[in-house]
Amino acid sequence: MDIRTITTEERIKEGLLNLLEKKKLEKCSVSDIVEYAEVSKRTFYTYYKDKHDLLNAIETQLIEGLKRSLAQDREPLAQLGHIPDAEEINQLADVAFNNTITFCNQNKGAFSKLLSSNGDMYFYQKIIKVGTHEFNQRFPYLFQKKEGMLNDSLTLKFIRNVYVHGIIDILVLWSGNDGLIGTQDVKRLLGLTQTKSPLELVNLYKLELKLYHNEHQLL
1 MDIRTITTEE RIKEGLLNLL EKKKLEKCSV SDIVEYAEVS KRTFYTYYKD
51 KHDLLNAIET QLIEGLKRSL AQDREPLAQL GHIPDAEEIN QLADVAFNNT
101 ITFCNQNKGA FSKLLSSNGD MYFYQKIIKV GTHEFNQRFP YLFQKKEGML
151 NDSLTLKFIR NVYVHGIIDI LVLWSGNDGL IGTQDVKRLL GLTQTKSPLE
201 LVNLYKLELK LYHNEHQLL
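Under the UniProt record's numbering, the sequence shown has 59 at position 59, and the numbering climbs by one with no breaks.
Treat the hints as calculated values from the structure; they're not laboratory data. If you're wondering where the values come from, they're calculated on a predicted model, not measured in any experiment. Check before you lean on any hint, since a few could be wrong.
Pairwise CB distance ranges (calculated) [unchecked claim]:
hint, residue 1, residue 2, range
1, Gln79, Asn214, 29 to 39 Å
2, Glu21, Asn214, 55 to 65 Å
3, His213, Glu88, 22 to 32 Å
4, His213, Asp85, 20 to 30 Å
5, Lys67, Glu10, 18 to 28 Å
Within a straight-line C-alpha distance of at most 30 Å, the following computed DSSO-like cross-link-like pairs (lysine-lysine) qualify [stated by the list, open to error]:
hint, residue 1, residue 2
6, Lys13, Lys67
7, Lys27, Lys51
8, Lys126, Lys108
9, Lys41, Lys27
10, Lys51, Lys41
11, Lys24, Lys51
12, Lys49, Lys108
13, Lys157, Lys41
14, Lys126, Lys13
15, Lys51, Lys67
16, Lys27, Lys13
17, Lys13, Lys157
18, Lys27, Lys206
19, Lys129, Lys41
20, Lys49, Lys27
21, Lys41, Lys24
22, Lys67, Lys23
23, Lys67, Lys126
24, Lys157, Lys129
25, Lys157, Lys210
26, Lys41, Lys23
27, Lys157, Lys27
28, Lys206, Lys67
29, Lys49, Lys23
30, Lys13, Lys49
31, Lys157, Lys24
32, Lys157, Lys49
33, Lys23, Lys13
34, Lys41, Lys13
35, Lys51, Lys13
36, Lys41, Lys22
Glycine residues also receive a C-beta, built at the ideal position from the N, C-alpha and C atoms.
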């Protein structure tokens, strides 16, 4: 791909993101975007149908990058071979979110603007969806054997909600921070989020899972 094409597309994306510092998304027009991007409307429509098409392109790029980073960070967990205790989970936060934190840090401005009061109210839910999928992938490595998940368990649903929102909210709050919180502090918080009250709920869920399997073995 021609480097000029990449540069022009990135300029248009940056135009919208920078505009969100001044205007709410619903009030942003294509005219506003091209003014901030310093391109013509004709150039804009060469790449995007409208502002919603542009927004989708930006968010898709971020979401796909987030998915890749989380998948890379999951690899060390798959090699554990045992269920880690709380102390080890805290220590694992250093590697279990390393690529994710790096990606979020590199795209901190974009995340911050899209998640601001001027941004897209649906973007947060897209991130939560990614986090929920990742929870389902990581849960067996961190908290139980791979005998299957009792998905209709109310306890598990609550654990998932607390776990996912806790971690995502830390990253969201960090994205809006002006650099006062370093990456190591974020990793420490991510570790603690996984080992406090949710861990106690996990033990309750394990008991439910054991009872569930015992009941079905008797059938």
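What hints, given by number in increasing order, does this structure fail? 13, 17, 18, 19, 27, 31, 32
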